[in-house]
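Given the coordinates of chain G, assemble chain Z onto it according to the supplied hints.
Those sequence lines, one after another, are chains G and Z. The first sequence begins at 410 in my numbering and counts up by one. The second sequence begins at 410 in my numbering and counts up by one.
Since the hints were derived computationally from the structure, they do not count as laboratory data. C-beta: ideal position from N, C-alpha, C; glycine also. A portion of the hints provided could be inaccurate.
Subject to a maximum C-alpha distance of 25 angstroms in a straight line, what follows is the list of computed BS3-like cross-link-like pairs (lysine-lysine) [as the list claims (entries may be wrong)]:
#1 LYS513/G / LYS550/G
#2 LYS633/Z / LYS653/Z
#3 LYS715/G / LYS550/G
#4 LYS513/G / LYS513/Z
#5 LYS627/Z / LYS550/Z
#6 LYS513/G / LYS550/Z
#7 LYS653/Z / LYS520/G
#8 LYS513/Z / LYS550/G
#9 LYS550/Z / LYS520/Z
#10 LYS563/G / LYS715/G
#11 LYS520/Z / LYS653/G
#12 LYS566/Z / LYS685/Z
#13 LYS550/G / LYS674/G
#14 LYS668/Z / LYS588/Z
#15 LYS627/G / LYS685/G
Pair ranges (Cβ atoms, derived) [to be verified]:
#16 THR426/Z / THR594/G: 58 to 64 angstroms
#17 THR543/Z / LEU691/G: 51 to 57 angstroms
#18 LYS513/Z / LYS715/G: 47 to 53 angstroms
Spelled out from the first residue to the last, the chains are:
Protein chains: 2
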Amino acid sequence: MNFKITILGSSSASPATNRFQTAHAVNIHERLFLIDCGEGAQIQMMRNNINFARLNHIFITHLHGDHIFGLYGLLSTLSLYNRTHDLHIYGFGMLEHVLNDFLKYFGNEFKYEIIFHAVNVRRNQLIYEDKNITVETIPLKHRVPCCGYLFKEKVPKLNIRKEMIERYKLTLAAIAKIKAGEDLTCEDGSVISNRELAYSPYAPRSYAFCSDTGYSKKIAEIVKNVDLLYHEATFACESLVTAKQTGHSTTVQAAEIAKLSNAKKLIIGHFSSRYKNLTPLLDEARSVFPETYLAKENDVFEIELKRFKT
Amino acid sequence: MNFKITILGSSSASPATNRFQTAHAVNIHERLFLIDCGEGAQIQMMRNNINFARLNHIFITHLHGDHIFGLYGLLSTLSLYNRTHDLHIYGFGMLEHVLNDFLKYFGNEFKYEIIFHAVNVRRNQLIYEDKNITVETIPLKHRVPCCGYLFKEKVPKLNIRKEMIERYKLTLAAIAKIKAGEDLTCEDGSVISNRELAYSPYAPRSYAFCSDTGYSKKIAEIVKNVDLLYHEATFACESLVTAKQTGHSTTVQAAEIAKLSNAKKLIIGHFSSRYKNLTPLLDEARSVFPETYLAKENDVFEIELKRFKT
Chain G
410 MNFKITILGS SSASPATNRF QTAHAVNIHE RLFLIDCGEG AQIQMMRNNI
460 NFARLNHIFI THLHGDHIFG LYGLLSTLSL YNRTHDLHIY GFGMLEHVLN
510 DFLKYFGNEF KYEIIFHAVN VRRNQLIYED KNITVETIPL KHRVPCCGYL
560 FKEKVPKLNI RKEMIERYKL TLAAIAKIKA GEDLTCEDGS VISNRELAYS
610 PYAPRSYAFC SDTGYSKKIA EIVKNVDLLY HEATFACESL VTAKQTGHST
660 TVQAAEIAKL SNAKKLIIGH FSSRYKNLTP LLDEARSVFP ETYLAKENDV
710 FEIELKRFKT
Chain Z
410 MNFKITILGS SSASPATNRF QTAHAVNIHE RLFLIDCGEG AQIQMMRNNI
460 NFARLNHIFI THLHGDHIFG LYGLLSTLSL YNRTHDLHIY GFGMLEHVLN
510 DFLKYFGNEF KYEIIFHAVN VRRNQLIYED KNITVETIPL KHRVPCCGYL
560 FKEKVPKLNI RKEMIERYKL TLAAIAKIKA GEDLTCEDGS VISNRELAYS
610 PYAPRSYAFC SDTGYSKKIA EIVKNVDLLY HEATFACESL VTAKQTGHST
660 TVQAAEIAKL SNAKKLIIGH FSSRYKNLTP LLDEARSVFP ETYLAKENDV
710 FEIELKRFKT
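For reference, chain G alone in the conformation it holds in the complex (with noise of 0.2 angstroms):
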């Protein structure tokens, strides 16, 4: 039950030698999701090992070139090896468009379908669901119309305790009920707790990708209580005006959405190629939010499997 993060790009618009664009892969349960599509993905794809065959849905924050520009290389990959499923992208509406153009020239020989899929940038919606988990828009203050991406797992059935059926005698219907939480009411009456029936759950992990973005505490709040947070931190707290004129944010305002929502880590990045090292970016941001991290190419980020405290 993999809930891992890995960072395929961590720059900002303008390229950096040893850094790519934004873009990273979340492989939940073996389902893998890319967040956003910079320049080279593809490339960064392959050196870890990430399997093309397996990603069905990209979810895209907004139209600037940085976040986008290595869908062209990759939409083209998957079509040279033979793809045939559909694909699901999930945008800004403009970008429709943008693929539409690019397919036009580009698209003839492909063999696969691209679903895409409008999603409203100013409001917190549900716009993705399958058994394991669920995907929320997360809405950010940027020159363009932009959102992050919530990934939630969903709260798993309780396993349950196997010796219990037999001592029990109990139904297909009565486990059923075991596994969504309920306690158990014998024919005597006697109620037997589910605690004793069930192992506890595991608890339900999230991540949260917060890019490209100016300080908004509204993300703190549809973040809250988040496993993970990235959020962007473009500049180092010294270039503050800088930030919010770039819609942008600071190490120490990135910190502060991940203390105001309660998260259990932070990662920064989409670093501008002004700082050539990021230490210094990494100990702002501690200062505020020790469980910072940083965004490094090639890093995984995994969120460990933990049972709910009984």
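Using the frame of chain G, we list chain Z on its own:
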């Protein structure tokens, strides 16, 4: 008086972990030209300290993604760098539509003009000229309209020996004639040979870029006696049939074109991602044309300046 080629990418369409897609930077007399612009070209330009501001001409061979998907990021970065001077792009006519669609969504803030030059890919034609060089198209044999580019240095004007100006009291008109290669006729009717008056000239240098293409003897005619030939070699010679079917060449075919054209040196590239170790490809080509080299990311091929033999 530079004439050097930097390999930015050597891969064919399927991405490889350690290779970028096709792009060559050509520096002639400190003027910079880019041939093809595969994904990641701008990152590779940064890594090779190539000055973006000096780039004024981009030559695109054909409209397959692995040769142009780096354009989007590069053009955007030039805008971020506040470029205001024109950028010239040469290629097959349809590229203009691709660029216009791109600019429609992403070019609103561009402060520079893109001047598109449609080239006839079916004929060997002069398409660019400045005081130092000419560039001609080389019709190639691919699945879509495609041409290579032949860069030829002009024969520079002769350098006059300074002491001769004094000795023969040369007028400006006389100097101009001598620089153009004429002998000097003195007032007494005696003739001083040009060789005595001027240094022997530099031999003009040339570079031919041929990707993607099947085997075509016509290429050899156009690039006759070229100093440096880049010819694609997507496949090893055992994959001759695949090469033919896909409009590509094998190592041996590339080497045969080099031999036929009397090239001085051959670079092979555009390697299929199936080849992890390229040494066998090099060996195959060298068995036909010993002066063969592999296109490897960040390698620089310099064509040395040399005087005509007198």
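Evaluated hints:
1. Restraint check: the Cα-Cα separation between LYS513/G and LYS550/G comes to about 32 angstroms, which exceeds 25 angstroms; the hinted pair is violated.
2. Using a Cα cut-off of 25 angstroms, the hinted pair LYS633/Z and LYS653/Z holds, with the two alpha carbons roughly 24 angstroms apart.
3. Pair hint LYS715/G plus LYS550/G does not hold up; C-alpha atoms about 33 angstroms apart against a cutoff of 25 angstroms.
4. A hinted pair counts as satisfied when its Cα atoms are at most 25 angstroms apart, and LYS513/G with LYS513/Z qualifies at roughly 15 angstroms.
5. Only pairs whose Cα atoms come within 25 angstroms are accepted, and LYS627/Z paired with LYS550/Z is accepted, the gap being roughly 10 angstroms.
6. With a CA separation close to 24 angstroms, the supplied pair LYS513/G and LYS550/Z stays within the 25 angstroms bound.
7. At most 25 angstroms may separate the alpha-carbon atoms for a hinted pair to count; LYS653/Z and LYS520/G meet this at roughly 23 angstroms.
8. With a C-alpha separation of about 24 angstroms, the suggested pair LYS513/Z and LYS550/G falls inside the 25 angstroms cut-off, and the hint holds.
9. The straight-line distance between the Cα atoms of LYS550/Z and LYS520/Z is roughly 37 angstroms, outside the 25 angstroms bound, and the hint therefore fails.
10. For a cut-off of 25 angstroms, the pair hint linking LYS563/G to LYS715/G stands: about 13 angstroms separates their Cα positions.
11. Between the alpha carbons of LYS520/Z and LYS653/G the distance comes to roughly 23 angstroms, so the proposed pair stays at or under 25 angstroms and holds.
12. Using a Cα cut-off of 25 angstroms, the hinted pair LYS566/Z and LYS685/Z is violated, with the two alpha carbons roughly 47 angstroms apart.
13. For the hint linking LYS550/G to LYS674/G, the alpha-carbon distance of about 22 angstroms falls within 25 angstroms, and the restraint holds.
14. As the CA atoms of LYS668/Z and LYS588/Z are separated by approximately 35 angstroms, the hinted pair breaks the 25 angstroms bound.
15. A distance of roughly 31 angstroms separates the Cα atoms of LYS627/G and LYS685/G; the hinted pair therefore is violated under the 25 angstroms criterion.
16. THR426/Z and THR594/G have their C-beta atoms about 60 angstroms apart, which keeps the hinted 58 to 64 angstroms range intact.
17. Look at THR543/Z against LEU691/G: about 53 angstroms separates their beta carbons, and that is inside 51 to 57 angstroms.
18. For the hinted restraint 47 to 53 angstroms between LYS513/Z and LYS715/G, the CB-CB distance of approximately 49 angstroms keeps it satisfied.
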